[in-house]
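Student: One-letter residues, chain by chain:
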Amino acid sequence: MNPRILSFSIPDWLNSGGPDDGIVISSRARLARNLKGYVYAHRAGKKELGEIFDVIVDAAAESGLGRDTVFRTNELETSDRNILIERHLISTALASKEGARGVLVAGSESASVMINEEDHLRIQAFLPGFDPETVYDKVRDMESKIADEVQFSFSKEFGYLTACPTNMGTGLRISVLIHLPALVLTKEIQKVLRSTSQLGFAVRGYKGEGTDIIGNMFQMSNQKSFGRTELEIIENLKTVIGNIIDYEKKSIGLLMKEASSQILDKVWRSIGILKTARVMSSHELINLISAVRLGLYLGLIEKHDSLMLNDLMISTQPEHLQAKHGAVLDAAERDVLRADIVRERFVDLNV
Amino acid sequence: MKCQVCNINDAQIVFTQIVDNEKLVMRICIDCAREKGLSIEFESADIPEKSPKTAYDEFFEGKLNEDTPVHDLPDITCLSCGLTFRAFKSDGLFGCDSCHEAFGGHVKEILKQIHGYTEHKSFMKKRKSPRAKAREDMKDLKSSLERYVANEEYEKAAEIRDKIAEIQKGMEEK
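Protein chains in written order, with the working numbering: chain A, 1 to 351; chain B, 1 to 174.
Hints in this document: simulated from the structure, not taken from any laboratory.
Ideal placement from N, C-alpha and C gives every residue a C-beta, glycine not left out.
Here's a subset of chain B near chain A, in silico, CB distances under 10 Å, partners left out:
#1 A11
#2 V25
#3 R34
#4 G82
#5 D97
#6 C99
#7 H100
#8 E101
#9 K108
#10 L111
#11 I114
#12 E119
#13 K121
Label-pair distances were calculated between CB atoms; the ranges are:
#14 A:S108 to B:E172: 20 to 30 Å
#15 B:T118 to A:G210: 22 to 32 Å
#16 A:L300 to B:N7: 27 to 37 Å
Isolated chain B (complex conformation):
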């Protein structure tokens, strides 16, 4: 973009000036700026103080409820904690982990409005801690041990028994 003043140089800097109570925004080059006695301000002036509101923000502030007259809201109550659908819509918070079931299809609608989707998606498997993994392994090994002993495969059983001892030792050291 060219400088607003000389129209020759490129202008990358924007200056704001308050002139007669009005804010002037000018794109000018450094030479013209110097001539006019303007300097750059480092303060974050002129950026919106808060980010623009989105459906997400508006749900949070309960604004999505304003259009629905109260008597049109379905009369549902969560039997687990006693929260009514009306109260949920006005506060924006569920009462317990059974509410979403109690409120049924309405929850999906709200999720669609906020997140744009109605289906949960999670491919990240919960990684088991080493201790939990060890416990699982132990279960498997113990049943293998039983099997080998039942089949009189004592050598194999002995191997498993050693493995179990190793894991147990490892768990105790933690």
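Isolated chain A, as found in the complex:
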């Protein structure tokens, strides 16, 4: 199957309707695992990588996860790999390496297994809104099914063995994508970022590791996977993110008390631009979407439109635009096509 086909559908996990999704856009859980008896992916030769790949795909099939959709990234064109990256199904690290590597995509993209990235398996699940427990259950369930068919590297002393010591123990990374415009506006965000760092959380831009923070969106995840149970990691995340959500809500309240006309003006102006612009960079779009999201939270716009916002973030990325157009586009052409798509999507939004 060609990844291009994916570009025409909306992944499950972007669907709005999850708990508290005014502020937390999505929750993600990832488990890192390696097969016993094989060297880690970065040291494996071509033949061994191929063996590992086949073992994992077979195990997934046996366990009922199906061969659904398996993409061998080393056999794909660059443009197809980019689609997978833009849909957060593979990392750029995985895309750039040779040898049998790829991703198995299950259930309308709400779950996937990256094969031969830094570890043999990176099992991940996504859910809309703020629900770290359910998303953990989901990923653990997938892991259990595969575990029945293979043997994972594990030691009593160090837990699940991973290539990087930062992932040892539980192999769990749990994260949320959270939108905090009010904390940014009131400049309280600096305080939040300092304390999340002290509390053991990594904060990244919404595109992940090494990317800038834009659009008032933050990816927050646990840094430590070892020496604590999965439950402890989840509880800690729930507490810390819960506090941040409350803080954001209070800040929104304050802003509306002190500067409601300015806030409303910002929201409606943004919608105005989205409904009329002829040229739009992705950077501008992300910032405008932030204003609209706030408008949604304030009840200015109807709830069902948050799915549209979430989908816009994915489908207006460069490779997606080119897939839609059917040919390569330069940056200027992409900005025009992006504006066209945006206008189309906002046509039904009532002012």
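With the hints as your guide, set chain B onto chain A.
Tutor: This is chain B only, laid out in the frame that chain A set:
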């Protein structure tokens, strides 16, 4: 916090202005802001582009190694995959699932630096899939069946036999 300008109203909004190439950060109330012709910007300006670095990040970037001169690093090699401790310290990655054993106590030190702990802790039991559970149950039932037959408790044996048939049927349907 009170507005920096009028000192009367509460100021929840912070404005940044570039004046003569210098950035001015002001906490002002909405009235003063309007008077000065300032408006709020929605862009995430002024937040650190990347989160502050921690020991975790620094390990990942190999920085924790900078202080140790190369000749002081223990000369250990993992016999399974050939990775040397030196290479591990510079790349930050193990080579295989025997490396951590080969590198011994040094691994615990590193885990302490990154995670703050040296002991693995996991109370979440791996949940067995229904199929695996069924297989386990089958094993138990089969040995019970043997026992009952050996003891000539045929009624009980028959019950077990029916249970086994049920489970087998269930497994086939999956």
